[in-house]
Every structure is written in C-alpha cells, then in structure tokens.
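Chemist: Residues per chain are reported as follows:
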Amino acid sequence: MEQQIERSKVVVRWIVGAALVGAVVVLKGRGEVAVGWPVVIGLTALLAALNLTYWAILRRGAPRWLKYLTTATDLALISALIAFTGGRSSVFFFAYFIVLVSNSFRYGMGMALYVATGFNLLYAGLLAAAPPEGDLTIEAVKIFAFWGIALYAGYLAMRFQRQARILQSYEEVIAALRHEVAELRRGPR
Amino acid sequence: MRAHRAPVLTGRGAGAIALAGLLLLAVLVGIAWRATSALWFLVFPVLLLGLLAAAGMAVLWILRHF
Chain A
1 MEQQIERSKV
11 VVRWIVGAAL
21 VGAVVVLKGR
31 GEVAVGWPVV
41 IGLTALLAAL
51 NLTYWAILRR
61 GAPRWLKYLT
71 TATDLALISA
81 LIAFTGGRSS
91 VFFFAYFIVL
101 VSNSFRYGMG
111 MALYVATGFN
121 LLYAGLLAAA
131 PPEGDLTIEA
141 VKIFAFWGIA
151 LYAGYLAMRF
161 QRQARILQSY
171 EEVIAALRHE
181 VAELRRGPR
Chain B
1 MRAHRAPVLT
11 GRGAGAIALA
21 GLLLLAVLVG
31 IAWRATSALW
41 FLVFPVLLLG
51 LLAAAGMAVL
61 WILRHF
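The listed protein sequences derive, respectively, from chains A and B.
Residue numbers for the first sequence, in the working numbering: 1 to 189.
Residue numbers for the second sequence, in the working numbering: 1 to 66.
FYI, nobody ran anything at the bench for these hints, they're computed from the structure.
If a hint is listed, it holds; no wrong ones were tucked in.
With the C-beta cut set under 10 Å, the calculated list includes, among others, these residues of chain A facing chain B:
#1 Leu113
#2 Ala124
#3 Ala140
#4 Phe144
#5 Leu151
Beta carbons are placed, not taken as given, at the ideal position from N, Cα and C, and that holds for glycine.
Could you put the whole structure together from the sequences, leaning on the hints where they help?
Modeler: Spelled out as structure tokens, the structure:
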C-alpha cells in the first residue's frame, strides 16, 4: 500500500516540480524574483536526484521510514525555494499546502501533525536566518493558520479512513452472503 | 457483580490539565504577540501539541469518557 502511495507521490513530485521550475523561470524572466540561475539549476537537480533515488528505492519496496524522509525533503526543498525567492513575501509559500494536503489525505492525522511540525520548524528557521523588519505577529498567525488547516485535513482524512474501513467490511459481508446463496442454490449434496 | 474500578482521571487531575492547557495558550499568544525573534516560533509545535492534548483530555473528561 505504502509503496503504491509513494510511487504516486514520485509522479506528483515530477509534475509539481516542473510547474514550480516553470513558474520561477517565467517570474525571473519578468524580473519579479531575484534568483540566480545556479540556484534554479541546483534546486532542480537536487529535486530530480532525490526523486530518482526514491524511485530506485521503491522498485524493491517501501521501507517504513521512506514516507517521513520524502515529506521532510519536500518541505526542505520548498523552504529553500521560498528563502531564495523573497522569504516571507515569496509567492511560493502556497507550495507548503500541496505537501500538507497530499500527505494528510494519504496517511492521516499523524502525518498531518508531522507536516505541520516540519513546516513550523523550517519556516521559523527561515525567518530567523533572514529576519524580517517590523512585527512578527503576522508570521505567527501564518504558522497558526497552517496548523489549523493541518488539523482539519487530518480530521477529514481520519473520517475518510473510517468510512473506507466500514465500506470494506460491508464488501466482505456481501461477498460472504453471495457465497452462501450460491451454496444454497446448488442444493443439498 | 462488577468490581469497582478507580477512575483513570480524577476531577482534580482534569482541572490541573485544563489549567496547564490555558497556561500553554497564554504562552502561545504571548509569543505570537510580543516575540522579537523568529527563533521563539520553534517552540510552537511543543506548545500547540500540549495545548491540543490538554484540551482533548478536558473535553473527554467533561463528556465522562474516563
């Protein structure tokens, strides 16, 4: 199951990565982000190398730690992109939400809390490395809002998982009843 | 006949946990309002998870879960 999910994440990572690189190139061409080509190429190469490594690992199976590693590297890459494209005012802040929603819905509340914690630590580190001028309250509110969305996404994932389990048990009951009906139709031996 | 079972969480324990949760909430708001360094935000996960745990336990005690 986890192998299938992580394989699907590899595909999504290629698509989102390509979209983000495209957006950076367009914005750089218009002069709206001041980021050097070495950084763009470096981050793209790192993303590609990590994704190929994950794909290679997934050919043999999915170790239990892999989902935590892929999520952490995704958050770290997005933090690096944000740091190089304007920090607190970067237009790529929304990319954190792709990681949050994608992982929370696949893995549930535990992963939602893991993503929120990872985001919190990385974003606080990012702000501490390049301190913004003025009040930090807005940044704290952004972090709280992310936690709120993480908890809600985790709660919805828990509900979906519960309904999926109920549906699976119904399917098992239906299969068992069908088997019994087929036995009865065959008549006594 | 069922044996008497000691409560897992007493009223006094639940009160102390709720009080600790309120304290964590006050610290969170204080940091968000007055922090002069973003390094203070690094303690948010511990404070928020503590607050959620305290709130969860208090609500379950009110609902007589324990």
